[in-house]
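A.B. asks: The primary structure of each chain is shown beneath.
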Amino acid sequence: MHIAIIGNGVAGITAARFIRKLSDHEITVISAETDYFFSRTALMYIYMGHMRYKDTMPYEPWFWEKNRINLKRAWVESVDFDNKKLLLKDDEPVSYDKLLIASGSNYNKFGWPGQDLEGVGGMYSYQDLEKIEKYSEGLERAVIVGGGLIGIELSEMFHTRDIPVTFLVREESFWNIVLPEEESDLVNREIRAHHIDLRLSTELKEIVDDGSGKACAVITDKGERIDCGFVGLTAGVHPNTGFLKDSSLEMQKGILVNEYLETNIPDVYAAGDCMQVRAPLSGRRPIEAVWYVGRIAGETVAYNMCGVPVKYDPGIWFNSAKFYNIEYQVYGDMPAKMPDHYASIYWEHPEERKSIRLVYDKESSEIRGFNLMGVRYRQEVCHKWIREKTHIEEVLQNLGLANFDPEFYKEYEAAVINTYNEQTGSKLRLKKRRGLSGVLRFLRDITYPARAPVDKAKKVKQS
Amino acid sequence: MSKKSTDKTILQKIGIALFVVALITFTAALNLSQFQLDEPVLREQLTLGVSSDLLDKYGMEQDYYWELAQEELTPLRNQTYGTTFAFNNALKDAMKSLQDEVQQDLRENKGLTTSDGDYWQLVLQDYKVQDIAFPVTKASSQGFLPANNGWLLLLIFGVGLLGAFMYILPKTRLLPGIKNDHVYHSKMHYRGWLGIATGVYLIGFYVVLYFFAEHLANWVILVDPISEALRGSPADQWFLYGFLYTLAILVMGVRMIIKYRHNRYHVIRTFSVMFFQLAFAFMIPQILASLNQPSRDLKNIWPLDYSFFFEYNINNLISSGTLGVFMLVWGIALVVIGVPLFSYFYGKRWYCSWVCGCGGLAETLGDPYRQLSDKSLIGWQIERWMVHFVLVFAVGMTGLVLYTYFTNNNPTFSMNRWFFLVLIWLVGGALIYYHRRLFPSVPRRKLLQVVGAVGTVLTIALVVGFINKDSSTVSLSTYQIRSWYGFYIGAGFAGVVGTGFYPFMGNRVWCRFGCPLAAYIGIVQRFKSRFRITANGGQCISCGNCSTYCEMGIDVRWYAQRGQDVIRAACVGCGVCAAVCPRGVLRLENSSEDVDTRAQAQRALHITKNDIQLLS
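Taken in order, these protein sequences are the chains called R and S. Count along the first sequence from 1, add 109, and you get the number used in our numbering. Count along the second sequence from 1, add 12, and you get the number used in our numbering.
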C-alpha cells in the first residue's frame, strides 16, 4: 500500500514515523517548503543566530532513507480524490492508496488595504523567514500587527537586530484572550522593558504603498501614520487548504474530521493545524494550531491509517511559550476571564517577572488548571492532579512535587500557600518540596506506569 | 540600525582594543631581549642527573661534559643572538657535536660499547639535550625584558585584565536571560577568521609549551616575580602555564557568571570550578612546594593524572613522610571509592563540570564555543570508540608500569616501524569495515571525512616520530608505551587538541573523545547512577537549542522530543541544555527510586494499549 502525506511538518512527519513503526507500507511525504523536516517553532532562533537551519532538523538526512520514508519536494496543486491522485506543479502526478493531509496553516490577512504589498508578510514558513531576513537589511522600523505568540516572537527577533519595533495589539492588554489579566500585564511589562513600542487597543487600518508597490508605512485605527520598511502580519493563522477548494472534501474553516481523523472521503485523513475536529472533546477547540496537537494527531492518524482504530484524544490541555525572558507553561483549564464558579490563587514575585496561578472549582474544590510564568512545573504531576480531580488543599500541600525549576532555584510554593491562606483563612503548610524521588513515588500511585508503550508490531499483525 | 551582532558600548570596544594591545605586547615580549650564553647554568645542567660514582668508575671528572664542550661552545661565546630561534640553533649545533664527541670518547678511550648499560647512562641522550634548552635559554636572556620584568608584568597583565573586564562587566546592563543572540553570525564563535586565528594561536601556544618550551623563556621570566612571591623559587614553563590557565578560568568565569546570573545552578557551578582551579590546582601545590612538601593537585585523579602510578611519583610520595603517604592513599581512594560513590549519587557532573581543571577551562574559556561540538550519530560512535580506547590504553599502560615497578622487569617487543604503521592501518580498516556492516545508513562521505582526518593526523604523528629516531624498529616496552602515552595522549590530545580545537570542534574535544577518567566515570553514570536529565512530559517542541548548546555533542532533543529521560555516559551535567530550553522541558536531577529503570520511562503522551480498540 502506498501512503502519501501532504506536508512535512510535525503532524505529517510524526504520522510517517509511526506508520513506519507500525507497518511496511510505502510512504511518501510531499512538501514544497523544505527538503527535510525542521522545527517550525525554532524559525526565530535561526534569525537570531542561536542556531543554523540544519540545527532545527530533529533527524539527520540519513534517517529518512534508513526508515524508507520517501521525501518529495513538490507543490501539490490539487487532489483528484476520485482517481486517488495528487496533481503536482511542474511534476508527474503521484498516486496513493491512502492520503494524509497535513498541510498546516497560513497567516491571516483580514482584508486590510495594502496587505499584499511588497514588504508585508507573516512568520510561519521557512519562506516567510527568508523574506523577513531579506527585508531586515537596512530596515529602520518594523510594525507588527497582532498580539499573539508569533507577534511577540517576531518583535523579539527584530529586537536582536536592533531594529525598532512598533507592536500593534488590538486588545487592551497583550494576549488577554488567553492570559488572565495579571499574567497579561506581566508580559506587557516584559515587552516594554525591551524598548518595544507596544500600542495596546490599536488596530491596523491600512498599509501605505510607497508608489512602487512596496509598503512604506501603516495607518492605525487612531489615524496615526507610522513609517516602516516591513509589516509583520501575526494576527493568527488559518488552515492551509486553498489547494483543496472546489473538491468533494468536506471543509469549514479546516478539513472536517471525525474522532478517527477520517475525512468524509474514504482513505483520506487529515491531521494537525489543517484539521477541524467535528465534535471536539470538552474543553478543546475544533481547530488548534499548536505543535503538540500536531504531534498527537500525527501519532493517532498513523494508527488509524494502519488499520488500528484509535480515537483522537489530545488529553488534558497543555501549552508553553516564551515571552522574551519569561517562560510560560499552562496545564489544564485556564480561562482568561474567570467564570463565577472558578476561584483562582495568584502569586507574583515582588521583583522578578515570575508568577504562579492555580485555578479550582469553588463548589467541589477540585483543581482545574495551572498557569506558570517564569517558573517551570511538571506536566505529569499537574496532569495527574487534574485528571484525578484532586482537592485544591491536597494539591497545595504537595505543590513542591510539581516544581521543575533547576536545582538551587528558590521554591515559591510556600508563598502560593500563603496567598491561599490569606484568601481563605486556612492554615495550610507545605508538606512536599521539589525533588524527583517524591515525584516518582507520587506518579507510581495508581496511574503510573499505566501508560506503558504498546507493543506495536504485534498489534498490527492482529488487525 | 539593523545589524547582526551583539551591542557593544564604547567602553567595551575600548576594552577589546586594550586586550588586543596587551596580547600583542605579550606575544612580542617573547623577543624583547637578546640571548647570550649563560655558561654557569649550562655547566650545571650538563652535569645534572649523572651519578658521580659512575663517572668515577671510568675515571671521569665531575665536569666531564663541560670540559669536553669547551671547543664546541667557542662559536657561542661572546656572541649575542637576537631570537630564541637563532640562539637555540647555535646551542643545538654545539650540543650535537658534543654528543658525537662523548660517544667517540666513550667508545675509544673508555672501552664502552652500545651493549653496555653504562654506555647509555653516560652518553648524552637526545632528551637530555632537549631538557637543557629551556633553562639555558631562560638564563641566557639578557637586556630589556629581564631587566624590567616586574613592571612589564604589571603593565601587560594589568592592561589585559583591565581590557577584559571593561568588555565583560558592561554585559550586566542586559536583562538577565539566555544570551545566544548572533552566536552563529559571529566570526569568533562560528569558525570565522577570528575563531580560526584564535585556534591557530592556541594550538601554536600548546605546541611550543609542550615541545619547544625554550621559546617561551621570556614569558617565564615575566612571571618570575609571582613565582618567587608564591613559592620562593623562579618560575618554569609549567608555572607559567598554571598561571595563565588559572587567570583564564577566573576571568572567563566572571563572564560565565554574568551571562547566567539568572540561573543559580550555573552561578554556583562556575564558582566551584573557579575555586578548585585557584585553590587546589594553583595555590595549594605552590604552598606545599614552598614548604618542601610533595606538591600535588589533590583533585586530579588517575587516569586523567596518568603519571600518578609512575615509579618516580610513588617513590617521591612514599619518601616524603606522612603527607606523601596520605596523598598516595588519597589518590587511590579517589579512584576506587570516590569516583564510583560520588558518581552514583550525583552523576559525572560532580567532577567534570564542578571540580575538574580541564572541565573548568571548558566551562569558562570554552563556553563561547560549546555549540561547535558535532551532534551527528557518527560523531557519537567515534566518541565511544575513541574515549574507551584511551581508557584501555591508560589502564594497560599503568598496569605495565606497575608490573615493571614491582618486578623490575621491563618486557620489550620490537617490530619494524613500517610494519607497525601498516598494522595500525589494518586494525583501523577492520574497524571501519565493521562499522559499515553495523551502520550501513551512515553516509559514506561523512565517515571518509572523519577517517581521513584522524588517519592523516595519526600517520603524520607517527612518521614524524619515526624520523626523529635512528632505529628502524618500534620497541614496545613499558617505557616506550609510557612515553607514547605522555606524548600522544597527555600532551598532544589533552593539550594541543583539547584546548587548541575549542574554536573548531567545541570546548570538550578532550573530555568527549580522549579523557580516560571521563570514560571511567561515564561507565558508572550510564549503568549505576541516580542522575539523569528528566524530560518534562510532552512539552518539547523539538527546536534543537538543547542539542546545539550541548558541549558533549549529545543529541538531547532526540530524547526530549520522545519524552525520554537522558541517560548518557558522556553527559557532564553542565545543565546548559536545561537552561537554554525555551519551554522548561529539561531538568538535571537525582533519585534512587528507579536507578535501574530510569532509561525506560517515556513521559510524552503516547498512544497506549488502553487507547486501542481491537478489531474483533
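A couple of the hints might just be wrong.
[Claimed, not checked] Chain S regions said to be covered by chain R (calculated; three or more residues, Cβ under 8 Å):
no., stretch
1, 69-81
2, 284-298
3, 515-529
4, 539-551
5, 558-572
6, 580-591
[Stated by the list, open to error] Okay, derived cross-link-like pairs now, BS3-like style, lysine-lysine, Cα gap no bigger than 30 Å in a straight line:
no., chain 1, residue 1, chain 2, residue 2
7, S, K458, R, K175
8, S, K621, R, K243
9, S, K191, S, K20
10, S, K183, R, K463
Because the hints were derived from the structure by calculation, they are not lab data. On a predicted model such as this, the values are computed, not experimentally measured, just so you know. Glycine included, each C-beta is placed from N, C-alpha and C at the ideal position.
A.B. asks: All hints, please: hold or fail.
C.D. replies: We went through each hint and held it up to the structure:
A count of 0 residues in the stretch 69-81 of chain S with a Cβ less than 8 Å from any Cβ of chain R is obtained; the coverage claim is therefore unmet, three being the minimum. Evaluation of the coverage hint for the stretch 284-298 of chain S: breached, as 0 residues show C-beta separations to chain R shorter than 8 Å, against a requirement of three. Counting residues of the stretch 515-529 of chain S whose CB falls under 8 Å from any CB of chain R gives 0; the rule of at least 3 is not met. Note: the stretch 539-551 of chain S has 5 residues with beta-carbon separation from chain R under 8 Å; the three-residue rule is met and the coverage holds.
Counting residues of the stretch 558-572 of chain S whose CB lies closer than 8 Å to any CB of chain R gives 4, which reaches the minimum of 3, so the coverage claim holds. With a cut-off of 8 Å between beta carbons, the stretch 580-591 of chain S has 3 residues touching chain R; three or more are needed, and the interface restraint holds. Of the pairs offered as hints, the one joining K458/S and K175/R holds, with about 16 Å between alpha carbons and a cut-off of 30 Å not exceeded. Taken as a hint, the K621/S and K243/R pair is broken in the structure, with Cα atoms around 49 Å apart against an allowance of 30 Å.
Taking the CA atoms of K191/S and K20/S, the gap is near 14 Å; set against the 30 Å cutoff, the hint holds. Taken as a hint, the K183/S and K463/R pair is honoured in the structure, with Cα atoms around 23 Å apart against an allowance of 30 Å.
The structure fails to meet hints 1, 2, 3 and 8 from the earlier list, while all remaining hints are met.
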